[in-house]
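Chain residues, written in single-letter form:
2 protein chains.
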Amino acid sequence: MEALRKKIEQEGEVLSETVLKVDSFLNHQIDPKLMVEIGNEFARRFKDEGITKVVTIESSGIAPAVMTALKLNVPVVFARKRKSLTLSDDLYEAEVYSFTKKVSNHIVVSGNFVTKDDHVLLIDDFLANGQAMKGLMTIVQQAGASLGGIGIVIEKGFQRGGADLREQGYRVESLAIVDRLSPGEPIEFRNQ
Amino acid sequence: MEALRKKIEQEGEVLSETVLKVDSFLNHQIDPKLMVEIGNEFARRFKDEGITKVVTIESSGIAPAVMTALKLNVPVVFARKRKSLTLSDDLYEAEVYSFTKKVSNHIVVSGNFVTKDDHVLLIDDFLANGQAMKGLMTIVQQAGASLGGIGIVIEKGFQRGGADLREQGYRVESLAIVDRLSPGEPIEFRNQ
Numbered sequence: 720m721e722a723l724r725k726k727i728e729q730e731g732e733v734l735s736e737t738v739l740k741v742d743s744f745l746n747h748q749i750d751p752k753l754m755v756e757i758g759n760e761f762a763r764r765f766k767d768e769g770i771t772k773v774v775t776i777e778s779s780g781i782a783p784a785v786m787t788a789l790k791l792n793v794p795v796v797f798a799r800k801r802k803s804l805t806l807s808d809d810l811y812e813a814e815v816y817s818f819t820k821k822v823s824n825h826i827v828v829s830g831n832f833v834t835k836d837d838h839v840l841l842i843d844d845f846l847a848n849g850q851a852m853k854g855l856m857t858i859v860q861q862a863g864a865s866l867g868g869i870g871i872v873i874e875k876g877f878q879r880g881g882a883d884l885r886e887q888g889y890r891v892e893s894l895a896i897v898d899r900l901s902p903g904e905p906i907e908f909r910n911q
Numbered sequence: 720m721e722a723l724r725k726k727i728e729q730e731g732e733v734l735s736e737t738v739l740k741v742d743s744f745l746n747h748q749i750d751p752k753l754m755v756e757i758g759n760e761f762a763r764r765f766k767d768e769g770i771t772k773v774v775t776i777e778s779s780g781i782a783p784a785v786m787t788a789l790k791l792n793v794p795v796v797f798a799r800k801r802k803s804l805t806l807s808d809d810l811y812e813a814e815v816y817s818f819t820k821k822v823s824n825h826i827v828v829s830g831n832f833v834t835k836d837d838h839v840l841l842i843d844d845f846l847a848n849g850q851a852m853k854g855l856m857t858i859v860q861q862a863g864a865s866l867g868g869i870g871i872v873i874e875k876g877f878q879r880g881g882a883d884l885r886e887q888g889y890r891v892e893s894l895a896i897v898d899r900l901s902p903g904e905p906i907e908f909r910n911q
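So the protein sequences, as listed, match chains A and B. Take any residue in the first sequence, note its place counting from 1, add 719, and you have its number in the working numbering. Take any residue in the second sequence, note its place counting from 1, add 719, and you have its number in the working numbering.
In case anyone wonders, no lab produced these hints; they're calculated from the structure. Computed from a prediction, not measured in an experiment: that's the story for all the values here. For each residue, glycine too, the CB sits at the ideal point set by N, CA and C. Mixed in with the good hints, there may be bad ones.
[Said to hold, decoys possible] With the C-beta cut set under 8 Å, the calculated list includes, among others, these residues of chain B facing chain A: (1) D742; (2) H747; (3) D750; (4) V755; (5) A782; (6) V795; (7) F797; (8) R799.
With the hints as extra help, turn the sequences into a complete structure.
Next up, the structure:
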């Protein structure tokens with residue numbers, strides 16, 4: 720997606736060989752028009768999948784997920800992060816380890832909002848090692864829902880998450896794939 | 720705002736005399752079309768204020784804030800509830816006590832994204848005691864920015880936050896004001 724790639728080139732900060740900071744338009748400040756374009760693009764790619772619900776994780780997934788859900792005309796659910804296990808019958812829950820933040824979170828979704836009748840599109844801002852996505856997939860499975868696809872704003876192509884998911888047969892659509900980060904050098908994108 | 724009021728009547732759960740749960744369209748599942756209507760309504764009310772930035776708090780403020788910012792054609796910034804490893808120096812920070820969750824959080828905004836040149840519209844999902852809003856106002860002050868107004872999706876009119884802010888001269892626009900919650904009884908709204 721050309722507009723996203725340009726934005727990453729212009730405003731992305733390469734902090735290390737694994738950390739790309741996009742706080743100016745996605746992770747802290749949000750560019751609403753870009754979110755509309757991102758939502759429209761995800762909706763275009765998944766429009767024939769019969770998606771009934773978009774599911775994401777707070778907080779940075781919310782803006783792209785809401786714009787996607789708006790265009791697909793379905794609700795969106797954001798998984799909440801919790802420090803500890805919340806025991807309750809009607810909650811789906813998974814553990815997610817963040818390599819960036821070096822903490823484990825539990826993510827929680829209410830059973831009221833993802834059910835066995837749902838065909839789910841998972842949306843997230845970044846895909847690196849795939850831990851968050853695995854957590855969301857666990858929740859989809861617990862709910863007995865089916866998975867219609869995975870939409871990622873920025874994939875770190877040099878980490879395993881995207882490749883693993885595609886090898887397992889999942890449809891992963893990443894709007895930008897970064898293949899190499901090196902401070903002081905231009906970001907290398909995968910040609911898509 | 721009639722559509723919001725109806726949605727609260729139909730789907731809001733009154734858990735106690737102070738707790739209104741709106742997890743089906745705002746706080747966990749999100750209704751994207753309603754968020755567009757909410758954003759349009761805030762934008763309509765504040766369109767002559769010369770707003771340059773919408774600021775909210777993760778996570779439930781993000782969807783209404785993004786839709787408002789989209790319509791006002793400005794960026795949105797969401798305050799983070801704890802320090803992220805990728806945010807560095809030049810941070811504005813305030814402490815926020817949540818009466819609902821009985822915990823204090825620090826909320827943090829990067830100095831890169833709110834500056835002395837900004838005229839800020841603060842947006843949040845709920846206003847009760849006003850603690851979160853005071854935290855955001857502290858951050859606006861630290862940044863040397865000016866405050867153009869406060870937009871609230873649901874105000875709990877029986878708590879002090881909204882009245883206090885209006886007494887201090889701030890423009891607070893709440894799209895629904897709930898005056899009384901009592902389990903098993905209809906929700907009482909203020910006529911607006």
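Hints, one by one, checked against the model:
no. : hint : in the structure
1   : D742 : holds, 6 Å
2   : H747 : holds, 6 Å
3   : D750 : holds, 6 Å
4   : V755 : holds, 7 Å
5   : A782 : holds, 5 Å
6   : V795 : holds, 5 Å
7   : F797 : holds, 6 Å
8   : R799 : holds, 7 Å
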